[in-house]
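Student: Assemble the whole structure, with the sequences as input and the hints as a guide.
1 is the number of the first residue of the sequence shown in the numbering used here; add one for each residue after it.
In case anyone wonders, no lab produced these hints; they're calculated from the structure. Just so it is clear, the structure is predicted and the values come from calculations on it, not from any experiment. We put the beta carbon where it would ideally sit given N, CA and C, even for glycine. Do not rely on the hints blindly, as some may be mistaken.
What follows is a set of in silico ranges between Cβ atoms, one per label pair, in the way DEER data are often shown [what the hints assert, rightly or not]:
no., residue 1, residue 2, range
1, T14, E128, 16 to 24 angstroms
2, L127, L96, 35 to 43 angstroms
3, E128, S101, 31 to 39 angstroms
4, V97, W131, 17 to 25 angstroms
5, P46, R2, 45 to 53 angstroms
6, A104, R53, 24 to 32 angstroms
7, P46, V74, 33 to 41 angstroms
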Amino acid sequence: MRHKQVAYVLLRITIGVVFLFYGIGKFTMGRAVLVDGLVQQFAKTPLPPGLVRAFGNVIPFAEVILGFCVLFGVFTTMALALMGILLIALTFGMVLVPNPSIVANNLIYCVIVFLLLYLAEYNTFSLERLWKK
Numbered sequence: 001m002r003h004k005q006v007a008y009v010l011l012r013i014t015i016g017v018v019f020l021f022y023g024i025g026k027f028t029m030g031r032a033v034l035v036d037g038l039v040q041q042f043a044k045t046p047l048p049p050g051l052v053r054a055f056g057n058v059i060p061f062a063e064v065i066l067g068f069c070v071l072f073g074v075f076t077t078m079a080l081a082l083m084g085i086l087l088i089a090l091t092f093g094m095v096l097v098p099n100p101s102i103v104a105n106n107l108i109y110c111v112i113v114f115l116l117l118y119l120a121e122y123n124t125f126s127l128e129r130l131w132k133k
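Tutor: What follows is the structure, given as structure tokens:
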């Protein structure tokens, strides 16, 4: 493995771990607690509570599935693209609240996802590469 390939896999694993364990943490705290907290947090925004509730129920599943896929390099391009879309939605919500520190963190995650997609040619150490051999 070359330096760029090692750097790529380390960054991919890192963002995968972050999403996977944030998602697991949301299940651990209880989805009802998460969703109720989100509905309260977004009460003064134009988003309808039903939409916030639905999105809040999807977030833990999305984070766990996408985190797992990116961590292990399974359907990496699709998982990263969906991770980017999820980050856009999460950032949009935090702009409405507003919560500038979370917006800033999400933008960093967006840059990482962008870099991983842009540099996908260096994704040589993954389960999907093993399956293609």
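Student: Work down the list of hints and note, for each, if the structure agrees.
Tutor: Okay, the hints, checked on the actual structure:
1. T14 / E128: 16 to 24 angstroms: holds (18 angstroms)
2. L127 / L96: 35 to 43 angstroms: Between L127 and L96, where Cβ atoms are some 37 angstroms apart, the hint holds.
3. E128 / S101: 31 to 39 angstroms: holds (35 angstroms)
4. V97 / W131: 17 to 25 angstroms: violated (41 angstroms)
5. P46 / R2: 45 to 53 angstroms: holds (49 angstroms)
6. A104 / R53: 24 to 32 angstroms: Roughly 26 angstroms apart at Cβ, these two residues keep to the hinted range, so it holds.
7. P46 / V74: 33 to 41 angstroms: The hint (33 to 41 angstroms, Cβ to Cβ) holds, given that P46 and V74 are roughly 37 angstroms apart.
Checked against the numbered hints given earlier, this structure breaks only hint 4.
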